[in-house]
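Two chains, two frames, a set of hints: combine them into the complex.
One-letter residues, chain by chain:
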Amino acid sequence: MDRSEKMAIWFAVLLMLSFAGALVYAFFGLNIRFPGCVTDRTPFTKGKVIQRGVGEYEVQYVAKMWAFEPAELEIPVGSKVDIYLSSIDVNHGFQIKFTNVNLMAVPGAVNYAQITFDKPGDYPLVCHEYCGAGHQNMMGMIRVKPRESSLSGAVPESDVGIEQPKAEGLPTVNEAGMALLNAKGCTACHSLDGTRMVGPSLKGVFGREEELEDGSKVVVDEAYILESIKNPMAKIVKGYPKVMVPMPMTEQEIKQLVEIVKGIR
Amino acid sequence: MQNKPVEVPSYLRLIILVEILLPVLLLVLGVYHGMLQTLYRAGIIKSSSFLGLDYYQGLTLHGVVNAIVFTTLFAVAFGRALVLYSLGEPSKSAAWISFILMMVGTVVAAIAMLAGKATVLYTFYPPLQAHPAFYIGATLLVVGSWVAFFSWVPVYLKWRREHPGVKTPLAIVGVFSTFIVWFTATVPLAVEILFLILPWSFGWVDGINVTLSRILFWFFGHPLVYFWLLPAYTMYYAMLPKLAGGKLYSDRAGRFIFMVFIFLSAPLGLHHQYSDPSISAVWKWIHGIFTLGVAVPSFITAFTIAASLEYAAHLKGGKGLFAWWFKLPYFDSKNYLFGYFFCGLLLFLVGGVTGIINSSLSMNGVVHNTSWVPGHFHTTLGGPTYLAFTGMTLFLVTSLTGKKLAFPRLNVLVPYFWLFGTSVFCWAMSTGGLSGQPRRTNMGLTYTNPESPLYQADWVWTAHMSAVAGVIMFISFAMYFLVVIATLMKRSTEPKMLEFPIAEPLHDEPAGAFTNFTPWLVTSVVFLVIAYAPPLMTFSDGTFENSKRFSPDSPVPAPVEKKP
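Read top to bottom, the protein sequences are chains A and B.
Residue numbers in the first sequence follow the working numbering, run continuously in steps of one, and reach 265 at the last position.
Residue numbers in the second sequence follow the working numbering, run continuously in steps of one, and reach 1564 at the last position.
If we strip away everything but chain B, and leave its shape as in the complex, we get (with noise of 0.2 Å):
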């Protein structure tokens, strides 16, 4: 395994920079809204809009920037990262075109989404209608990943070639697996949005086949989860074990895990759809097993990070079958990655009971669209992926530009800070979901205000500790955000080399069956069909075209544009 520093060409430095700053950047509009919606639920703020931004518009603006741009461009910049450290420079124009790509994108989005002409959420369900830009952006910034990506190709290809009998790095494994699954999840987005959603929005065809869209979302939707949380599974196994001091457990059971969610992560879309109609059940039962299947890979890596880190503690004198715990370096601010990867495990614990709870068939009638759903996801996206990606953001700043850490002392609290508050969230959103509160609804106007006559008394209490949460939350980002502009602000001091902390495998066997990817990707093509071809087929036959253009401001269907 290679471990020696390497100097990044500054042409990419600067890339990377921009894709993992810009995101920050925005993000402190996505958490500033996601306060903001805690508040307005709570009826503290009694109101359509608050300074200039209507909820629904900053809700929408919050799912799109924290779960779309900043995940697809933090993932691609990290990909780039570790595809230059571990197997060697990708084509340098591809990264150009990649990345313009998805700034074009991210800004057109971004223009539509402020502009107040986008406020569909960010499932865009048709048929409500955004500003076609808002589908085009959203275009750019998944196209530009895919060269990304695709440049990668030939670099691993080539390096497999030169390394005969080496098995690639796990941190490889990790990204080219994020990415497989990032293509398999972006290709029935981009069919929704090109044969679908454009055609209709621009006024060329008068309607369209909505639970076609529905089905093809989650299509994507689903694999979307998994392409947000490995690259955080990645750091996990591929870092976390080194930066608790120790060895991966196994290295086999991570070439395993990154393999099954090549294949399992997409054959089971249609459980956000249970309560949909016009789909079988026969289907919904598949999908809702394939669920399960997808929980196997990680309760190992529960189970794997966790017998990681009592190894490393053992090397620290830990002892005991709980007492070594306390061994390990929770609030060493050099050693900051730590906190920050171990409290999104902790928060995934929770993420991931739920999601099982989630994936059941009979408990969807009491969870579906409750606010159950957000308390759900605030601890997988707003978990693992928000930490492992804010800390690595961190780390990739220092090295990149040489500069020094700043408020070291203050950084390190901010990702226990960040489980304080979700972890708050989570159960007021959880309990408050159970008694009915539906989710992404603007209840301060209604059913938390007691002026309306669609009070719901129950639901106050709830919506209160998810907004005391909230500003909790709010509070970590801050701190975070005020880290990164100190951390920028500082002179280079620094030599401007990256090193990833890549730990060693404690029981290193060969990797056997999961050497290569092409069985893998094989197996994937197989559960695809097996999962979607009937019910697509079902739903290609154009019974249900028949849905006009709506505008979220209207009950009465858009009128179509007459072009002279």
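Pulled out of the complex, with its shape left as it was, chain A reads as follows (with noise of 0.2 Å):
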């Protein structure tokens, strides 16, 4: 082996080890941090805001098919968030945009990072592991809020939970009914709060008129209901993805959906 090998060797061998003692460096001087394993939570199955105190928060994030719940977060810029993280079904991604939060979310295990949002303006939370046909469609939004504006309501001054989705628009459903909505995977795409998710909300949908994706107008009637349910992709409502898929169910509980949709109100 001659001189210049060796050196070459040498070479790498040192500039190998320069960049471990910087990593280390990263982690306990610079307190950039990773996912470890989390103990002190067991997996959940609703989203969740809980303010600890000022500025100080824990959101239990879940991640389904194809949505983050809570799907909008609004907190005043400054804020120090826990996020914990897990999914209800497959494995999804968890990235905040313009950030370094790079989180999976694993069924049946929780994920953790912390962050503090120092800038206000609206920070995207996308979906970066492939989820299945709407995995396009996944992102949640975390508006961070300039001190002066008005919160007061949004935020309860108290260590309260938040459930989310929101709990209006739920009594006209009644227990049955959001079972069943829940079971077909409805409400994985369809909000019953007129939140925009993958698919149109189902709130006072029927009766609506909803332009479709040729232009044309329609109004939302049984026959429509019949129709989405059975043969989604037949008519789409102008902006939004062909991504639903005709679950396997009997013809029974059909009717009984369309019952429970012209009831959303």
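Derived DSS-like pairs (lysine-lysine); straight-line CA-CA distance at most 25 Å:
{"hint": "1", "chain 1": "B", "residue 1": "1004", "chain 2": "B", "residue 2": "1158"}
{"hint": "2", "chain 1": "B", "residue 1": "1167", "chain 2": "B", "residue 2": "1004"}
{"hint": "3", "chain 1": "A", "residue 1": "46", "chain 2": "B", "residue 2": "1548"}
{"hint": "4", "chain 1": "A", "residue 1": "119", "chain 2": "A", "residue 2": "48"}
{"hint": "5", "chain 1": "B", "residue 1": "1496", "chain 2": "B", "residue 2": "1092"}
{"hint": "6", "chain 1": "A", "residue 1": "217", "chain 2": "B", "residue 2": "1046"}
{"hint": "7", "chain 1": "B", "residue 1": "1334", "chain 2": "B", "residue 2": "1490"}
{"hint": "8", "chain 1": "A", "residue 1": "6", "chain 2": "B", "residue 2": "1247"}
{"hint": "9", "chain 1": "B", "residue 1": "1117", "chain 2": "A", "residue 2": "184"}
{"hint": "10", "chain 1": "A", "residue 1": "184", "chain 2": "B", "residue 2": "1548"}
These aren't lab readings, by the way, just hints derived from the structure by calculation.
So, in structure tokens, the structure goes:
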């Protein structure tokens, strides 16, 4: 082995050792952390926002096909947020744009990251792991508000949990109806409270006039709801992706669903 | 070192030709959909499918064909040719068995994907579920490659007994380290498929341990990348110096790096899972440090190959610190392999550096699962691997059929087009990734679609640049495909003899500690136990065994089919 070759090997080894040193410094000196093993939380199935104190939040994010829960989070600038993340179906990604929060949501496990939002603005929350046909629609939003804007009322002062999705709009659907909507996966993409998710919200959908992809208009009646359940691709509301597929269900269940959807006010 | 033309028995000629030409045919689909993805992502195609092929279905094809089928079939064929050339003829029946297993596996998996029953991407993370045929096809392909490899071992042992004191040909060291790495990689894959996925996808068990399956997948997934790389390294060490007109600078460096890959390519798969929950940070640290270690042999390769090229250039009158670079046969159409290898090396300079960045625990939050990652591996898998494999395919086709290469002057440009397209692609994807652009996402429907409420204006320009790059890469492949087809349509005019351009070493030292594989195999086992036993023990205890089956089309778990 000649001299220059030995030098090349030593150079490579020393360079890698210095990189290893840089990693140690980044971890302990700059406090750049990566996920470890969370043992103080068990996997959860509902999204939740908990205000722990002034500008201190714990958010329990649930990733599911194809939305995050809570879909929107509004917090004042300077907030320190402990993010816990789990999935209720397949693997999902979780990256907050403009930040280095970058996690995997794995079913049966809880992930964790902490972040302080120093600048106001909208921070899209993007799923970056393929999770099925609607993957490209799976985005949430964190809105960081300037301090002067009024947040009174939006965020409770005390340590209380806000269950998401919001409970308004729900009373028109009884428990059995909710169970069917959940079981058939409807609520994964259609909100009941008017929030825009992957598909159009079901709130007040009966009797509403919708504009379709081709520009034509249609009034949502029983026939339209029935068709949209059985053959979702037939008439797509303008601006929404073509991702819905017929769910396996009986004629009886379809009839029930049509009635339930009619009743969502 | 033996350097004589060898006649290939006709059955083996047929097997090798099918094993290298079928992947080229499948690459038409794989590369076509690679280009289409760049168009979808840029929002030029705003649809979930195009010409009957869904985006994610095409992405699955792109990954499985390019990264698994093409690489495995080629590596086996290349191994067959080199073993025959350097050592002797392995068992004929084993050759047929392995060939048939791999062909059946490829066809079965391809049917599942083309039928849209396996749109789970090449990582097939449960609980997304594909049709069982997809997993069975992949298993047959892997098992077939094992049969081929195991049939070479007795040939090697016999050769060793008959040649005491002679060094094993470096190319054979390369081939065997390639397949030792492949075997190390595919055992956890087989465990994942046979014990976790198949019983679950057939509905025999109710749930699957998702975290365990992820760990097993990346236990396979990282040594896999060295399985892609090592045949290219074999060509760089054993052949490139000769093609350049010189000698291999250091024979020992080659033996050293191949042995290092045997024990360092596997115990670092967790670096794909830095963002995963429920894996202790300690094990992420250990795998991260090992990853830095595996960069060392690539630095040595950069030095040794550059030194070999410089030596060759000096023989041709090249002088100075840099002026000698102009003395190399970049555009010699008879010596086209040089261009294929050289362009791959240039891309791998980028791939190596971005790879070290990916290994960083603190950088992971910036790049994980963004388009940075495909930017990286298109300069490794899509760089040296693709170019060395396609170049060597041409060499094997012409040698085994006795046909002269068609369009030699077009062919010599192919790698340079690829180099240009892939460089632009890497730059565009990396830049997009740094601004948070996700990988594996049909962005044209939402993020790069101005009509969508999810529109992200800052992601558009990089997506457009990568579409330009995708088209250039496709053109390069189309040129290559034309050369292959036109060559096959020619008459055989040359003797059907195989002679690899094997380089002599410049500094020829005894192989010393790198003579036999055994000590390095033992080291490999020790490293694997250190790196994987504790994390695997943590996740095999059944804590997470509760994930149902999910089809990519529905957020509701797939119903269990009732068996009569």
